[in-house]
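> Sequence:
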Amino acid sequence: MLRPALLSFLLYSNLFAIGGYRTSVVRSENGFIDYANRVIVCRGTADIEEKQSGDGSLDVIGVNLKLSKAEARAHARENLVDLIKQVNFDGRTVAELMVSDRLIESRVESLVSSAFQQGEIEYLEKNQVAIALAVKMSGLAEILVDAEGYLKESMSRPAYLITRSTVPKSERISGIVIDARNVYHIPAMVPKIFNEDYNLVYGPRHYTRSRSVNRGPIGYAHSMDDRNVIRRVGKTPLMVEVKTSSDDINLMVSNADAERIRDADKKFGVLSDCKVLVLLQ
Numbered sequence: 425m426l427r428p429a430l431l432s433f434l435l436y437s438n439l440f441a442i443g444g445y446r447t448s449v450v451r452s453e454n455g456f457i458d459y460a461n462r463v464i465v466c467r468g469t470a471d472i473e474e475k476q477s478g479d480g481s482l483d484v485i486g487v488n489l490k491l492s493k494a495e496a497r498a499h500a501r502e503n504l505v506d507l508i509k510q511v512n513f514d515g516r517t518v519a520e521l522m523v524s525d526r527l528i529e530s531r532v533e534s535l536v537s538s539a540f541q542q543g544e545i546e547y548l549e550k551n552q553v554a555i556a557l558a559v560k561m562s563g564l565a566e567i568l569v570d571a572e573g574y575l576k577e578s579m580s581r582p583a584y585l586i587t588r589s590t591v592p593k594s595e596r597i598s599g600i601v602i603d604a605r606n607v608y609h610i611p612a613m614v615p616k617i618f619n620e621d622y623n624l625v626y627g628p629r630h631y632t633r634s635r636s637v638n639r640g641p642i643g644y645a646h647s648m649d650d651r652n653v654i655r656r657v658g659k660t661p662l663m664v665e666v667k668t669s670s671d672d673i674n675l676m677v678s679n680a681d682a683e684r685i686r687d688a689d690k691k692f693g694v695l696s697d698c699k700v701l702v703l704l705q
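If you read the sequence shown in the numbering used here, its first letter stands for residue 425, the second for the next number, and so on.
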């Protein structure tokens with residue numbers, strides 16, 4: 425059986441490949457933004473210069489390899505900062521948020537400085553070494569998500585707990601699935617859901633800041649068989665179709681489906697628990 429670490433490495437190696445296009449993954453030349461798994465990965469490369477000292481010692485080769493690894497890691501950090509700037513927060517990119525608040529830029533650079541290595545160090549053709557670094561979106565969300573406008577922690581466990589306990593488990597609504605496979609939708613860290621009258625159905629006031637940071641308000645998947653589905657919305661979610669909208673970031677549902685979502689939240693607290701998932705093409 426493959427170990428989890430190896431499985432993770434194989435997964436991200438495949439995502440660097442050309443095939444397997446998924447709209448929840450935004451690729452760049454050096455990495456990708458994975459909105460479904462809430463991670464940003466970028467690779468850096470450097471040339472390996474093999475030089476020997478006059479007495480034929482191999483010690484200098486080892487020193488040069490260490491320097492090459494350090495250079496590759498530095499390039500990976502630079503590429504990671506550039507890629508993070510492309511992350512779609514709420515229709516605004518991180519780069520746009522940096523312009524409005526210079527403190528964000530320094531905090532992003534600090535986040536990247538603590539990025540973890542993703543997978544093994546690669547030795548490429550043409551005598552190069554490559555290192556991939558990654559940061560979780562929860563770390564980025566901690567920087568970007570405001571303190572105000574969210575459900576208070578003291579209100580995150582309301583009366584629905586009593587209602588939920590009286591309903592048989594097989595009849596409970598375990599989450600909300602928004603089927604957006606028939607429309608063009610751009611993934612984002614904190615999209616909102618509206619009804620046909622542009623009234624908010626799901627947004628920051630429905631969940632706490634801590635849930636927005638750690639879990640993310642919305643999950644993404646490409647079919648009901650994806651492993652993200654049960655983990656996010658359980659086995660008995662309410663399915664609704666998204667309606668066509670000129671807004672590529674936020675989602676629109678019918679007024680009738682909006683009422684079904686609100687009713688499910690009152691009875692089972694699916695919105696306050698961020699048990700919402702969007703199916704993408």
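Hints are computed from structural coordinates only; laboratory data are not their basis.
From a predicted model like this one, the values you see are computed outputs, not experimental measurements.
It is possible that some hints are incorrect.
[As the list claims (entries may be wrong)] Label pairs and their in silico Cβ distance ranges:
id	residue 1	residue 2	range
1	K509	D649	18 to 24 Å
2	S524	K691	18 to 24 Å
3	R629	E566	16 to 22 Å
4	E520	T590	43 to 49 Å
5	V523	K593	26 to 32 Å
[Claimed, not checked] DSSO-like mimics (lysine-lysine), calculated; alpha carbons at most 27 Å apart, straight line:
id	residue 1	residue 2
6	K550	K560
7	K576	K493
8	K616	K691
9	K659	K690
10	K659	K691
11	K560	K509
12	K616	K560
13	K493	K560
14	K576	K616
Just so you know, even glycine gets a beta-carbon here, dropped at the ideal spot from N, CA and C.
> Confirm or reject each hint.
Here's how the hints hold up against the structure:
1. K509 <-> D649: 18 to 24 Å: The hint (18 to 24 Å, Cβ to Cβ) is violated, given that K509 and D649 are roughly 33 Å apart.
2. S524 <-> K691: 18 to 24 Å: Between S524 and K691, where Cβ atoms are some 40 Å apart, the hint is violated.
3. R629 <-> E566: 16 to 22 Å: holds, 20 Å
4. E520 <-> T590: 43 to 49 Å: At 47 Å between Cβs, range holds.
5. V523 <-> K593: 26 to 32 Å: violated, 49 Å
6. K550 <-> K560: Given pair K550, K560 is violated - Cα atoms ~31 Å apart, limit 27 Å.
7. K576 <-> K493: violated, 46 Å
8. K616 <-> K691: holds, 21 Å
9. K659 <-> K690: Status holds; Cα separation ~19 Å.
10. K659 <-> K691: With Cα atoms ~17 Å apart, K659 and K691 stay inside 27 Å; holds.
11. K560 <-> K509: holds, 14 Å
12. K616 <-> K560: OK: K616 and K560 at ~21 Å, within 27 Å.
13. K493 <-> K560: holds, 23 Å
14. K576 <-> K616: holds, 18 Å
Going down the numbered hints, you'll see the structure goes against 1, 2, 5, 6 and 7, while the others check out.
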